[in-house]
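Undergrad: Could you build the full structure based on these sequences and the hints that come with them?
Each chain, letter by letter, is given below.
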Amino acid sequence: MKCFSRYLPYIFRPPNTILSSSCHTEADIISTVEFNHTGELLATGDKGGRVVIFQREQESKNQVHRRGEYNVYSTFQSHEPEFDYLKSLEIEEKINKIRWLPQQNAAYFLLSTNDKTVKLWKVSERDKRPEGYNLKDEEGRLRDPATITTLRVPVLRPMDLMVEATPRRVFANAHTYHINSISVNSDYETYMSADDLRINLWNFEITNQSFNIVDIKPANMEELTEVITAAEFHPHHCNTFVYSSSKGTIRLCDMRASALCDRHTKFFEEPEDPSNRSFFSEIISSISDVKFSHSGRYIMTRDYLTVKVWDLNMENRPIETYQVHDYLRSKLCSLYENDCIFDKFECVWNGSDSVIMTGSYNNFFRMFDRNTKRDVTLEASRENSKPRAILKPRKVCVGGKRRKDEISVDSLDFSKKILHTAWHPSENIIAVAATNNLYIFQDKVN
Amino acid sequence: MFARGLKRKCVDQEDDGEGALAGFGTIPSYSLQRQSLLDMSLVKLQLCHMLVEPNLCRSVLIANTVRQIQEEMTRDGVGQGAAPQSTGRAPLDRLVSTEILCRTVRGPEAGCPVPDLGDGPLQGPLPEICTVDAAEVPRSPQSNPWEMDSPRESRGSFQKSLDQIFETLEHKNHSSMEDLFSDMDSSYYDLDTVLTGMMTSAKPGLCDGLEGFAAAAPPPGSTCKSDLAEVDHVVEILVET
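Chains U and S supply the protein sequences, listed in that same order.
If you're matching positions, the first sequence starts at 1 in the UniProt record's numbering and goes up one per residue.
If you're matching positions, the second sequence starts at 1 in the UniProt record's numbering and goes up one per residue.
No wet-lab data here; the hints were simulated from the structure.
Hints may be right or wrong, so weigh each one.
[To be verified] Chain U regions said to be covered by chain S (calculated; three or more residues, Cβ under 8 Å):
{"#": "1", "stretch": "86-93"}
{"#": "2", "stretch": "224-235"}
{"#": "3", "stretch": "282-295"}
[Stated by the list, open to error] Listing some non-contacts, in silico: residues in chain S with all C-beta distances to chain U over 10 Å:
{"#": "4", "residue": "LEU45"}
{"#": "5", "residue": "GLN46"}
{"#": "6", "residue": "GLU53"}
{"#": "7", "residue": "ASN55"}
{"#": "8", "residue": "ARG75"}
{"#": "9", "residue": "GLY77"}
Every residue, glycine too, gets a C-beta built ideally from N, C-alpha and C.
TA: Set out below in C-alpha cells:
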C-alpha cells in the first residue's frame, strides 16, 4: 500500500469507536465534542440534551492493537427541554458546549450548557459501599438514639463499579440570548459564559449571581449590527480573554483594566481585500470559533472559508491563513439560499500547536501542518473506516477534468457537515463528530 | 420544426416572458441578481421576524446584507422598486444557477459587469413574493424580533402595531398571505415549520407574531378605516390561528 506519510501530517487509523445508531433522530445529532485535560476521557453532547463520556482503556500487553480504545464510561441527561412562561418560548435541551475542569481529586467535573443554563456535573466512580450502619435504618432514616445500645463501625464492602453523574451547580437566569461559549479560567475558580450580546463571569461556588464583563447590546436594538460569536479565556493569564464577532474581528480584553470590559485591550482585524468583495463578504468573514493555542501565544479563528492564526503581538493581520474549502466561493449564492452559509464550523489545535484541524462538508475534515504548510482532506465515513485501515486523503476537483478518486464540487453533500472536532491534548488521537456518528482516529501504531 | 433552430429559440424566449430581458440586452443582469438577492434576504428576514427567538447572529447578518444592497442601490440611483419593475424580476431559483454575485461586487464607479445570459434563463411568471416592494420594507425594520429584554416596551408599541395590522389585513387578507407563501420554494424555506412556529407562537407571544405582520404593512398613511365588525372579524381570525 502506498505510504501516505510523505503527504500527511499524521497517518490516522480509523476508528476504534464509532458511536452511532443507523436510524437516528434529530436528538442523536452530536452538538459538541471535548477531551478532558489528560485525554483519558472524551465527552460528547447531543441535541437531545444527553452527555456521553468515553474512557480510554488501559493499555494491555497482549492486545497491542487495542491500545487506547475509547469505550462508553457514563451517559446522563444533562438538560431537559423547558418552557419559559414569562417569554413564551421553548428552551431547547441541545448541549451547545462542554468544558472539563482540571481534575483535582478522584472525581471528574465538567460544565455543560444549552442556550440558557450552564450546569456543573460531577462524574465519580463508586466500587465500594459501607455496610453495618446502626445509626440509620435500611432506608437511611436516623434511628431513635434511645434504641441504639452499641456503637458499630461500618465496613466498606466491594460492589460492581458504578459511575454516577450528579449535578452540583446550576447557573441559570443570567442570559437573555443564546449561550454560544463557556470557558474555564486558569484560576480554576471562575468561568465565563458568552451569549450573542453579553459575557458573564461566574464563580463556581456561586450560582445566584454573575458579573457582566462584556455587554455590546445597543440601547436601541435597531442599531444592532454585530454579535458575539465565541469567547475564550487565555490558557495561562487569568485576567485575559478574547471574544470574536460576526464582523470578523477579535477583541482581547484585560479584566484588570476595568470591571466592565467595554473597551478592548487589543483589536485583531484583517483589512478587507477589495478584489474579493461581494455581498457575502461580511457573512463569510463572521467568526464561528476562536481558540487560544496551548502556549497562549496564538489565537486561531475559523470563518466560513478559512482558518486564520493570529499572533497576540500583531493585530493588523493574521500570520497564517489556510483555505478550508475555497472552491465554495463561487457557490455562495446557493449556500446563502439554503442557509449553509450560516453553519458554525469549529477548529482545534493539536497538542503541540503545530497542526490545526477543522471541518467541512461531505463529511470531510481538513488538517493543516503549520511547519511544513502541507494540508490534507480526510473523510469520516463508515465505508473507509474498516478496522486497521489507513485514511486516504480525499480531493475535491475544481473545474476541469475530474480525476479518478476525486469528487467534484457539485456532488458534495452539504447535509453531511463536520462542525465539531477534538484533538487529544498530548497524543495524535482525534475525535470527529459527523451528524450522529462519532469517529475516533489515532495515528499509526508502529 | 427543430430545423428552425435559432429562430425557434428566440420565439420561445418571448413566449416564456423573457422578452423583457432580451429587450434590455445584457445590462440588467447584475441589477436583477442584486434584486433577487434583496428579495431573498427580505423573505429570510420576514421569516426570522415570525420566530419568537430567532438565531440572532443569522438575523443580524441578513439585515446587514439587506442594508448593504439597499445602500448600493441608492448609490446607483436605482429608485427603490422602480428599476427592477422595468426590467422584470428574476425568480428566486435563478440565483442557484448563477455565480455573478459571488464575485466581486461592482464598485460605485465600476462599469456594468459582463453579464452571462447563457447562465440560466429567466423562466416562468414572477413569484408574488418578489412583488413586495422594496420601498414597503422599512430600511431599519420596524419590529425587533430579537428585542427580548424589554417586554414592556414592546407592549407599549402594541397598540400602534395593532392599528397597522388592521390596516394591513384590509389590504393583505388571509388569502393573499397564502399566495405570498405558496409561491415560495418550500425546499429552501421550511414553511411548514415556520408557519407552525408562527401559529404556536402567535398565542402566547402575540406581540412578536403581530409585529411580524406589521413589518409587512404598507407605510402608515393609508387612510383606510375599519369598522368595528371587521375588527372583530380580524381578531377572531388572529385568535383562531
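Undergrad: Next step is simple, just say for each hint if it's right about the structure.
TA: Taking the hints in turn, this is what the structure says about them:
1. Counting residues of the stretch 86-93 of chain U whose C-beta sits closer than 8 Å to any C-beta of chain S gives 4, which meets the bar of three, so the coverage hint holds.
2. Beta-carbon proximity to chain S at under 8 Å applies to 5 residues in the stretch 224-235 of chain U; the threshold of 3 is reached and the given coverage holds.
3. A stretch counts as covered by a chain when three or more of its residues have a beta carbon under 8 Å from one of that chain; for the stretch 282-295 of chain U and chain S the count is 3, and the coverage holds.
4. For LEU45 (chain S), the shortest C-beta to C-beta distance to chain U comes to about 13 Å, beyond the 10 Å cut-off, and the non-interface label holds.
5. For GLN46 (chain S), the condition that its CB be more than 10 Å from all CB atoms of chain U holds, with the nearest at approximately 15 Å.
6. Residue-level check failed: GLU53 (chain S) sits 5 Å from the nearest beta carbon of chain U, not beyond 10 Å.
7. For ASN55 (chain S), the requirement that its beta carbon stay farther than 10 Å from each beta carbon of chain U is not met, with the minimum near 7 Å.
8. With a minimum CB-CB distance of about 14 Å to chain U, ARG75 (chain S) clears the 10 Å threshold, and the non-interface call stands.
9. Distance to chain U confirms GLY77 (chain S) as a non-interface residue, since its nearest Cβ pair spans about 19 Å, more than 10 Å.
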